[in-house]
Amino acid sequence: MYTQRFPTLFDPLYGQGYRKTIKRQLGPNIWSLEQNLQLGPLQTPLRCVVIQLEDSSLWVHAPLAPTPEFFDLVESCSGSSGVGAVKHIVVPSYALEHKIFVKDAIERWPDVKLWTSPGQFSFPIRSVSSEFVFGKRVDGVLMSSSNTVPPWANEIQYETLAAGTFGIAGTPTTFYETSFYHTKSKSLIVTDAVARIPRTVPQLNDPELLLLVSKRSTSDPQPDDTPTARLVGWEKTALLVSYFFPEHEEFDPDTINKFGVVTWTDGWHDNFNALSGRLLVPPVVRTLLYAQDPKRVRQWVDRVSNKWAFEQIVPAHFDAPITATPSEFKMAFAFLEDDTIDALPANDLARGLKPIADLALNAKK
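1 is the number of the first residue of the sequence shown in the numbering used here; add one for each residue after it.
Keep in mind that the hints are not guaranteed to be accurate.
Below, computed lysine-lysine pairings styled on DSSO-like, alpha-carbon distance capped at 27 Å [claimed, not checked]: (1) 330 to 307; (2) 87 to 136; (3) 295 to 307; (4) 258 to 295; (5) 20 to 103; (6) 184 to 330; (7) 215 to 113; (8) 113 to 103; (9) 23 to 186; (10) 186 to 258; (11) 87 to 215; (12) 258 to 330; (13) 354 to 186; (14) 295 to 184; (15) 295 to 330; (16) 330 to 215; (17) 354 to 307; (18) 103 to 87; (19) 103 to 23; (20) 23 to 215; (21) 113 to 87; (22) 258 to 307; (23) 113 to 136; (24) 354 to 295; (25) 186 to 307; (26) 20 to 215; (27) 215 to 184; (28) 186 to 87.
Quick caveat, the hints were computed from the structure, so don't treat them as lab data.
Please read these numbers as outputs of a predicted model, since none were measured by experiment.
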């Protein structure tokens, strides 16, 4: 159990919650800890990365929900050092799900140094101190012009991208993401920049929620629990999370007897196959953020791929680790020069992401 102190869109919204945590070793001195991120019935993997530094201390990237299990698994990465081993916490992004539990983590590990990507903000009140938001003063902001160089910079290098700018409560707000390269494991650690949606059901997904999402019509009874039904639920979950209102998810035309009923039509499985099993920029990130300034994104991609000889990528969402080279990473961004390359299905975008993206881009003109 844990307490979510700030209201969010994610389960449990506010108050008491529970999330199971699993730990995986990704290479020498690097581990992932995974929980589920849940929005309504939709669950997807969410990841924290822990690295043991040369001095045996721990570096924790984007702490997860503060359950006793999570804390114990993080501390187990240090061997016998326990609570005192955690010396650095990193906030890699503006996104709420990657920073909402930092304050809880700092209460557990009060002697840590806190490092953040630029542009951290609070909402709806903007002028809130970092002491209130995170539980301590920020020790360093991760940008090339910063005068404060993290003591771990020789082991874990970083590059920061200004991903896009939106008006939030009338204030232009730039969203940043910082990526990291762990030299010992040759791992590129990203938050939202790229992902790979698995074609099998993730380990932590709740079968009952998968069966609920798997139904052809929301008016149908809950299906029998079979591996096929669970997989159908996962494939539809991935489409809904990626596109918001994907093609083949339709309101029932019988608006009198079935008002509000949603039915899946044939073709959704082909759309899932086109989306999954490969390294890609998630549709939300590609259409809402990277479309704003493709040149700036390309410069960041070139810095990352030319500077670091990584052999695997560890995103915060979906699959990890992903075996990939710098050239394969660059190829995932080929659309920046020509949006007809690896084009996303127009009908999947039409009712959800595209209208939102059009509003965002038009607002900047």
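Comparing the hints with the structure gives:
1. 330 to 307: Holds, at roughly 12 Å.
2. 87 to 136: holds, 14 Å
3. 295 to 307: The given pair, whose Cα atoms are some 18 Å apart, holds under the 27 Å limit.
4. 258 to 295: violated, 47 Å
5. 20 to 103: holds, 20 Å
6. 184 to 330: holds, 22 Å
7. 215 to 113: violated, 47 Å
8. 113 to 103: Holds, at about 12 Å.
9. 23 to 186: holds, 19 Å
10. 186 to 258: This hinted pair is violated, its Cα atoms lying about 54 Å apart.
11. 87 to 215: violated, 47 Å
12. 258 to 330: Violated, at about 47 Å.
13. 354 to 186: violated, 36 Å
14. 295 to 184: At roughly 31 Å apart (the allowed maximum being 27 Å), residue 184 and residue 295 break the hint.
15. 295 to 330: Judged against 27 Å, a Cα distance of about 13 Å means the pair holds.
16. 330 to 215: violated, 38 Å
17. 354 to 307: Violated: residue 354 and residue 307 sit about 34 Å apart, past 27 Å.
18. 103 to 87: holds, 14 Å
19. 103 to 23: Holds - the C-alpha atoms of residue 23 and residue 103 are around 22 Å apart, at most 27 Å.
20. 23 to 215: violated, 31 Å
21. 113 to 87: holds, 6 Å
22. 258 to 307: violated, 56 Å
23. 113 to 136: At roughly 9 Å apart (the allowed maximum being 27 Å), residue 136 and residue 113 satisfy the hint.
24. 354 to 295: holds, 21 Å
25. 186 to 307: holds, 12 Å
26. 20 to 215: Roughly 26 Å separates the two Cα atoms, so the pair holds.
27. 215 to 184: With a Cα-Cα distance of about 45 Å, the restraint between residue 215 and residue 184 is violated, given a limit of 27 Å.
28. 186 to 87: holds, 22 Å
Of the numbered hints listed earlier, those contradicted by the structure are 4, 7, 10, 11, 12, 13, 14, 16, 17, 20, 22 and 27.
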